[in-house]
Amino acid sequence: MSIMKTLTLGALLPAAFALAQSSTGRLQGSVTDPQGHALPGAEVRYLSVAPSVAAGMSSVPLPGETVVTGAVSTDADGGFALAGMPPAVYLLCANVPSAPYIDPCIWRQSLRVTVPAGATAKQNLTLEKGVYLNVRINDPIGLLPQAVDGPWTPRKLLVGVKYGTGAYQGAANTTVDSAGRNYQLIVPAGMAFWLWLYSSDVALTDANAVPVVAPGAQIPFETVAAQNQSFTFTVSGPASHAQ
Amino acid sequence: MKRTCCVLGGVHDLVRPWPGRVLAALLLCAVLANGATMGTSSWLHVNLSFVPFTYYYEPAASYGFTGTVNGTQYSSCPSGVTVQGCFRTILAQMRAQAVSGIRIFVTFCDSSSLAFTNDGVNPSCGSGYQNISWNPSGNQYQAAWIGNVQEFFQDVANAQIQNVSITTGSSGGSANTFAVPKSQTFSPAAGTNSNGQPYNCSQAGGNCCSDTPDPVYFNTLVPFGMYSNGTAIGGYFPTLANQGYNCAPINQNYFLGWTNYLNVINAVLGAAKAACPAPHNDCVPLTVYELETQEELTPSFTVLMRYIYDNSIPQSGGVKYPGTLNLLSAMRSLMTANGFDPGRVQWSGVWFDASNATDNCLNAYVDYERNGGLDFVAQAINGGPVGNPTNGALDSYGLFCGGTASNGGLLTSPIYSTLPDIVDTHIYPKVTAVNDTDVQIQQVAALDYGDIPHFLALAGLQSAVIVLGETYGGTLISLNLAAPNAPVSYCWQGSNTVPPGSPADNVAGFNNESVKNPVPLSSYTVIFRPWMELEMAAGACFGYGTGPGTSGNYQSVNYNGSGPYTPTNH
Numbered sequence: 021m022s023i024m025k026t027l028t029l030g031a032l033l034p035a036a037f038a039l040a041q042s043s044t045g046r047l048q049g050s051v052t053d054p055q056g057h058a059l060p061g062a063e064v065r066y067l068s069v070a071p072s073v074a075a076g077m078s079s080v081p082l083p084g085e086t087v088v089t090g091a092v093s094t095d096a097d098g099g100f101a102l103a104g105m106p107p108a109v110y111l112l113c114a115n116v117p118s119a120p121y122i123d124p125c126i127w128r129q130s131l132r133v134t135v136p137a138g139a140t141a142k143q144n145l146t147l148e149k150g151v152y153l154n155v156r157i158n159d160p161i162g163l164l165p166q167a168v169d170g171p172w173t174p175r176k177l178l179v180g181v182k183y184g185t186g187a188y189q190g191a192a193n194t195t196v197d198s199a200g201r202n203y204q205l206i207v208p209a210g211m212a213f214w215l216w217l218y219s220s221d222v223a224l225t226d227a228n229a230v231p232v233v234a235p236g237a238q239i240p241f242e243t244v245a246a247q248n249q250s251f252t253f254t255v256s257g258p259a260s261h262a263q
Numbered sequence: 052m053k054r055t056c057c058v059l060g061g062v063h064d065l066v067r068p069w070p071g072r073v074l075a076a077l078l079l080c081a082v083l084a085n086g087a088t089m090g091t092s093s094w095l096h097v098n099l100s101f102v103p104f105t106y107y108y109e110p111a112a113s114y115g116f117t118g119t120v121n122g123t124q125y126s127s128c129p130s131g132v133t134v135q136g137c138f139r140t141i142l143a144q145m146r147a148q149a150v151s152g153i154r155i156f157v158t159f160c161d162s163s164s165l166a167f168t169n170d171g172v173n174p175s176c177g178s179g180y181q182n183i184s185w186n187p188s189g190n191q192y193q194a195a196w197i198g199n200v201q202e203f204f205q206d207v208a209n210a211q212i213q214n215v216s217i218t219t220g221s222s223g224g225s226a227n228t229f230a231v232p233k234s235q236t237f238s239p240a241a242g243t244n245s246n247g248q249p250y251n252c253s254q255a256g257g258n259c260c261s262d263t264p265d266p267v268y269f270n271t272l273v274p275f276g277m278y279s280n281g282t283a284i285g286g287y288f289p290t291l292a293n294q295g296y297n298c299a300p301i302n303q304n305y306f307l308g309w310t311n312y313l314n315v316i317n318a319v320l321g322a323a324k325a326a327c328p329a330p331h332n333d334c335v336p337l338t339v340y341e342l343e344t345q346e347e348l349t350p351s352f353t354v355l356m357r358y359i360y361d362n363s364i365p366q367s368g369g370v371k372y373p374g375t376l377n378l379l380s381a382m383r384s385l386m387t388a389n390g391f392d393p394g395r396v397q398w399s400g401v402w403f404d405a406s407n408a409t410d411n412c413l414n415a416y417v418d419y420e421r422n423g424g425l426d427f428v429a430q431a432i433n434g435g436p437v438g439n440p441t442n443g444a445l446d447s448y449g450l451f452c453g454g455t456a457s458n459g460g461l462l463t464s465p466i467y468s469t470l471p472d473i474v475d476t477h478i479y480p481k482v483t484a485v486n487d488t489d490v491q492i493q494q495v496a497a498l499d500y501g502d503i504p505h506f507l508a509l510a511g512l513q514s515a516v517i518v519l520g521e522t523y524g525g526t527l528i529s530l531n532l533a534a535p536n537a538p539v540s541y542c543w544q545g546s547n548t549v550p551p552g553s554p555a556d557n558v559a560g561f562n563n564e565s566v567k568n569p570v571p572l573s574s575y576t577v578i579f580r581p582w583m584e585l586e587m588a589a590g591a592c593f594g595y596g597t598g599p600g601t602s603g604n605y606q607s608v609n610y611n612g613s614g615p616y617t618p619t620n621h
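Those sequence lines, one after another, are chains A and B. Heads up, the first sequence is in the numbering used here, so the first residue is 21 and it goes up one at a time. Heads up, the second sequence is in the numbering used here, so the first residue is 52 and it goes up one at a time.
Treat the hints as calculated values from the structure; they're not laboratory data. Cβ coordinates follow ideal geometry from the N, Cα and C atoms, glycine included. The reader is advised that the hints may include incorrect statements.
[To be verified] In silico SDA-like cross-links for lysine to any residue, where the CA-CA straight-line distance does not exceed 20 Å:
id	chain 1	residue 1	chain 2	residue 2
1	A	K176	B	L509
2	B	K371	A	A234
3	A	K142	A	T195
4	A	K176	B	S380
5	B	K371	A	P124
6	B	K371	A	G236
7	A	K176	B	G394
8	B	K371	A	I239
9	B	K371	A	F241
10	A	K149	B	E202
11	A	K149	A	A246
12	A	K176	B	Q181
13	B	K371	A	T134
14	B	K371	A	Q143
15	A	K149	B	K371
16	B	K371	A	A58
17	A	K176	B	P328
18	A	K176	B	T469
19	A	K176	A	V116
20	B	K371	A	A212
21	B	K371	A	A101
22	B	K371	B	G242
23	B	K324	B	L509
24	A	K176	B	S468
25	B	K371	A	T254
26	A	K149	A	Q238
27	B	K371	A	P235
[Unchecked claim] Over 12 Å on every C-beta distance to chain B, these chain A residues come out as not near it, computed from the model:
id	residue
28	P54
29	S72
30	P81
31	A91
32	Q189
33	S198
34	G200
35	P231
36	S250
37	F251
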């Protein structure tokens, strides 16, 4: 990362807020579902696209370029407004906390909107409804960590989904209790997946006590709208191999 | 006392497409202050850059060994000296200065190091992995190439330099770059139409990264699509997501293929193993100190994780759709099979500097963000979250600070492995201007090196070997690169001068780093690995064989053993 300057605009500003300077612009819009229903409380994230320069296989914004990033929550009507934004092309992502809407930046593509100086750009976001994938791992013999995975927790099990021709999204380890662990991921509805279970430390059996293939099990399934998908597995012992 | 020297070598962040280049003999000049010995347990290795294996017995001047500095082209070996002769001199000079290890780039498809040459039966690089094979017993060109690799390793062993670090080429050169219409490219995340066919990158259902250009450029040695300038597609700043691993186009038709890749790496390891056979007369058996397929991984580009666990073209490594190829495991197996430590398979981390030299902050891993490259490598290997957290933010000086790594928005790798027993970070303590004082530079160096023990504690790597894999050989390379269209100057006394004491200050800061760590980095076993230098006698850059006022042509990483990079171990 090279020389960059950041301006974080996190506050929802009132619509009547006048442009303080003509050198900046405004961005406003709404977040709805495909039926046009407002999604209050959605989190809209934005980031400006700065001219960049190659640095190895990576690229970094040109020295002196401003990178503006931040987030704003939609109001009761699903609307949002941001003022004082440096003119630039912005990328937009959105998700709804505690509801299974699909973040376009994860599953599709981020939206792009140009915010001009002294004017207001408008961009609405439509979020598809997905479903929750819930995976329960019973661990009666306590071979898995007894705490929720953090970034430095030595992994003994990965849970996620594969899709397309090799894409992968990991499920978050949401809770751990005395009898096992829970994982969750929001996935699009009406799509084919492989549930991915990876462990070189423990062996797993499915709900019928059938061993799953280790170390990387791929279990196909398809999601259906409005139907959350759940799986349960049980740790049956240490893995029979070491990797 | 100040002494002068000049630098020869490939350069941090410049080791990317050099069309037509053989060995980049960039001349980097420095004025070094004599300095103290490094740390309490230190070793000195040196970066040598690319080796033109295909032309190992050809005149050096005809195959690279030249570089342009401030518009002037220099030759770095006298006319008539072969590539081998040049390297033999360099290696001897290095060993005389207490260098105990070298790092080289081994390319497979570069015109100067062409491991796969068409012999009328087996096509060359770029022909698609299905059509290429590594078969030196049946291909005279492959046999010659690996024979030259072995001869180079024998020259290293003869020079009594025990350790060899290998970075395989991330570029096959422009001759191996191919433009493909976007409509003919596909991502791992592509959906399928009613006929079961995947959508391409020009279609919404292709789910390609939003910054995918048209055309997409593919390189023989890179498993993903790129821009024309060689930058990877799907970085965080062009896309706001961390989905490059999933959304960057697949190199379906031009990639060398992982089986070929691994086979040739195995051959290179075998050549290292075969150097200096018993009874080891006048040579030392070699150790592969480090093996990496891609240097300087950076968290804004999760697609680089394909070099560790490839999800895009695993079939080229024998793993069936939609599997993930565990390249780390495969490379560890090769190291073991050749008698080397499998824990030395590693990917180096890039170091982040702030525009304000002393700026620092914690990131989502509760680590200092300057360590962000190391965090990415460790997390990608151990199945942790990678990328830039959506609830983090750039601070005023360009560091990505804060956020949490556990609340979504980050990508995770589908496989986990134990971490390597070596940490390689490329660290150039930030120097902002020529008038920075020695004290300022030492403070920044101490800050940088002080962050590393923090990372080691978080990752549980206190027993690892620490390699400062690229650091100042006497110039501000990264700053030069950061200035768009600026003339690249590698001379301390050239047009883009920098404080002459920086290498010594670099080491002094390392030695003095103990403020915030109960176990400072200088108490670890640390390998300094700066870029090679050529001695400069009178403050002006010169190429090998052309220097004024010298009785010989010296190569120096440490001013003939008396500069700041003097290790405690030889």
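Q: May I ask which of the numbered hints given earlier this structure violates, with the numbers listed in increasing order?
A: 3, 5, 10, 12, 13, 14, 15, 16, 17, 19, 21, 23, 25, 26, 29, 30, 31 and 32
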